[in-house]
Amino acid sequence: DGGITQSPKYLFRKEGQNVTLSCEQNLNHDAMYWYRQDPGQGLRLIYYSQIVNDFQKGDIAEGYSVSREKKESFPLTVTSAQKNPTAFYLCASSIRGGSEQFFGPGTRLTVL
Amino acid sequence: GEDVEQSLFLSVREGDSSVINCTYTDSSSTYLYWYKQEPGAGLQLLTYIFSNMDMKQDQRLTVLLNKKDKHLSLRIADTQTGDSAIYFCADEGAGNYGGSQGNLIFGKGTKLSVKP
Chain A
1 DGGITQSPKY LFRKEGQNVT LSCEQNLNHD AMYWYRQDPG QGLRLIYYSQ
51 IVNDFQKGDI AEGYSVSREK KESFPLTVTS AQKNPTAFYL CASSIRGGSE
101 QFFGPGTRLT VL
Chain B
1 GEDVEQSLFL SVREGDSSVI NCTYTDSSST YLYWYKQEPG AGLQLLTYIF
51 SNMDMKQDQR LTVLLNKKDK HLSLRIADTQ TGDSAIYFCA DEGAGNYGGS
101 QGNLIFGKGT KLSVKP
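Protein chains in written order, with the working numbering: chain A, 1 to 112; chain B, 1 to 116.
Please keep in mind that the hints were generated in silico from the structure rather than gathered at the bench.
Being a predicted model, the structure only gives us computed values, none of them experimental.
The C-beta atom is built at its ideal place from N, Cα and C for all residues, glycine as well.
Check before you lean on any hint, since a few could be wrong.
Claimed, not checked - To give a feel for the contact side, a few chain B residues facing chain A, derived at Cβ under 7 Å:
1) Glu-38
2) Ala-41
3) Gly-42
4) Leu-43
5) Leu-45
6) Leu-104
7) Phe-106
8) Lys-108
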């Protein structure tokens with residue numbers, strides 16, 4: 001089955017801890033994206049990567065970091081510098097930058 | 001910068017048609033997309049339209065594009081309770097992030113509620 005997986009579905013962390021969200025795709029897509037979704041806010045782009053070993057900041061990159069060492073993987077780290085990390089995080093991929101994006105099921109992060 | 005606007009809520013009765021509207025600002029869009037999000041889930045691509053088309057029909061879904069007014073709509077015929085979800089319009093923005101080509105710009109989403 002081809003698709004995008006995110007794990008875990010629910011994640012709880014204490015304030016001040018870094019946490020890494022996983023995103024894997026087996027669609028052979030070049031581009032991958034991370035979005036944050038808050039109620040009534042729609043989707044906001046955190047980081048994106050159009051090719052392995054390269055990534056760019058989106059609208060709200062502060063307090064987040066990413067890596068793209070493999071084509072199929074694009075993990076997102078939420079650092080302690082992120083002031084309000086509790087949110088629903090969505091990963092997506094596309095064949096190339098600008099084409100239709102396919103989304104994973106999301107990870108709901110709650111910081112206590 | 002480029003923007004996509006949608007109304008936040010729409011309520012219809014089961015069996016009626018739903019029309020979800022979207023306006024966008026980017027005149028160079030090539031494709032425009034509609035996504036559906038069910039509670040607690042990721043976004044599912046419903047349909048898309050190429051910018052040189054006026055209309056696209058796919059079973060119960062009809063997409064209308066008025067390029068002059070930069071207005072996009074999604075009509076769902078015979079709306080069912082299973083259609084209750086948030087619907088996002090997305091525009092293929094051009095060069096909106098440091099010169100990179102074509103990341104999608106999403107609206108805030110329209111929450112469709114279908115009453116039995």
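inquiry  = Flag every earlier hint the structure violates by its number, smallest first.
reply    = As far as the earlier hints go, only 1 is violated by this structure.
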